[in-house]
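Enquirer: Residue numbers (the numbering used here), protein chains in the order written: chain S, 3 to 178; chain G, 87 to 281.
Keep in mind the hints are simulated off the structure, nothing from the lab.
Mixed in with the good hints, there may be bad ones.
[What the hints assert, rightly or not] Just so you have them, the derived chain S footprint on chain G, three or more residues with Cβ under 8 Å:
no.: 1; stretch: 145-159
no.: 2; stretch: 268-275
[Unchecked claim] Partial list, derived from the structure: chain S residues whose beta carbon lies under 10 Å from chain G:
no.: 3; residue: L56
no.: 4; residue: E61
no.: 5; residue: G62
no.: 6; residue: V63
no.: 7; residue: G68
no.: 8; residue: A69
no.: 9; residue: W70
no.: 10; residue: Q74
no.: 11; residue: M91
no.: 12; residue: Q96
no.: 13; residue: S97
no.: 14; residue: C98
By construction, the Cβ of each residue, glycine as well, lies at the ideal position given by its N, Cα and C atoms.
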Amino acid sequence: MSEQATKPAQPWQDGVYDALKAAGIGIVSYVPDAGHARLINRAIGDPDMEAVVLTSEEEGVALAYGAWLGGQKAVLLMQSSGVGNCINMLGLVQSCRFPFLTLVTMRGEWEEFNPWQEPMGRAVPAVLDAMAIDVLRAETPEDAGELTSRAAGDAFGRDMGVAVLFSQKLIGAKVW
Amino acid sequence: MTEARDNLLDRRRVVVDLLRDRGDLLVVCGLGSATWDVAAAGDDAGNFYSWGAMGGAAMIGLGLALARPDRAVTVITGDGEMLMGLGALATIGVAAPENLSILVLDNRHFGETGMQASHTGLGTDLCAVARACSIARVMEASSMEAVAAIRDALHQPDGCLFARISISAAEHERVLPERDGAKIKDRFRGSLGLS
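Whenever a hint applies, use it, and build me the whole structure from the sequences.
Expert: As structure tokens, then:
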């Protein structure tokens, strides 16, 4: 029996959830995405987390600022296409030095069936960089939890914006 | 008097009355005139002024209300700012925080940019939108008596409140608060005992 086989496989989203819990995240806002579905359900089922469904992603950016004004840590879960919706609202990370944490499931980069996902998927790192948001990229299940933990530490410990991109290779291509 | 004939309220008087004896009310301002109005009514560490992020005031208010369920949170914004983030009313209707009030000073114009007519002057009914988004309490004011009733409702948080206050489009001299966002944020958090 190999060492690997003795380890029960944990869905990578559970490692992310554990990292968010350890970082003291109390508010999870989201525009649904299949890659985030398990994490969203865990947040909804957690009595110590407030799960907030959004109509558009920039709402979650503003929500996170308000939460921090009141002493709470929030995270925004979204898909790569939503990053473009956030641009102007992200300006307050610089003008107010608000901490900001987001976890982004990527589309348009790995065996993507839908070519309309490609332009925004390609632009995500540049767009976040343009708004002075640090970008970390998770390619493996182990990365996902570890980088979420580091991102939360940087965001709330150093008053900065940090995004973790979960690669489409990690999530798996959407089945059509 | 023009005011009596047109039944249009002066925005500065309205905001002074809304914030009368405010106690520990936390206030999030929409950018532009709403921020100048709140600053004119008296500076307070519990004011979060906005110089940008149009469309975000109601959601900043929601985040704050969820973070501090023990405190009454009031958003004061304009019709243009609310219209840019209209989806927030659906999100807030679902989240349904008991302690959040959203007040829209509606002059039916984009006042900061040349007084172009806004949607509320062209048919959009924000109170109907709020009701359709299942916000618990919806109020409307076009008299100072009705403004006083809204003021009292801010201090009796028993369900999320949305109110539209019909005001004159007359412009006032700008009263500019602190412009450094980090200072505004840090002072606000400091007033809540946060470092």
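Enquirer: Hint by hint, note whether the structure agrees.
Expert: Taking the hints in turn, this is what the structure says about them:
no., hint, result
1, 145-159, "holds (count 11)"
2, 268-275, "holds (count 5)"
3, L56, "holds, 5 Å"
4, E61, "holds, 5 Å"
5, G62, "holds, 8 Å"
6, V63, "holds, 7 Å"
7, G68, "holds, 3 Å"
8, A69, "holds, 4 Å"
9, W70, "holds, 8 Å"
10, Q74, "holds, 4 Å"
11, M91, "holds, 6 Å"
12, Q96, "holds, 8 Å"
13, S97, "holds, 4 Å"
14, C98, "holds, 3 Å"
The structure meets every hint from the earlier list without exception.
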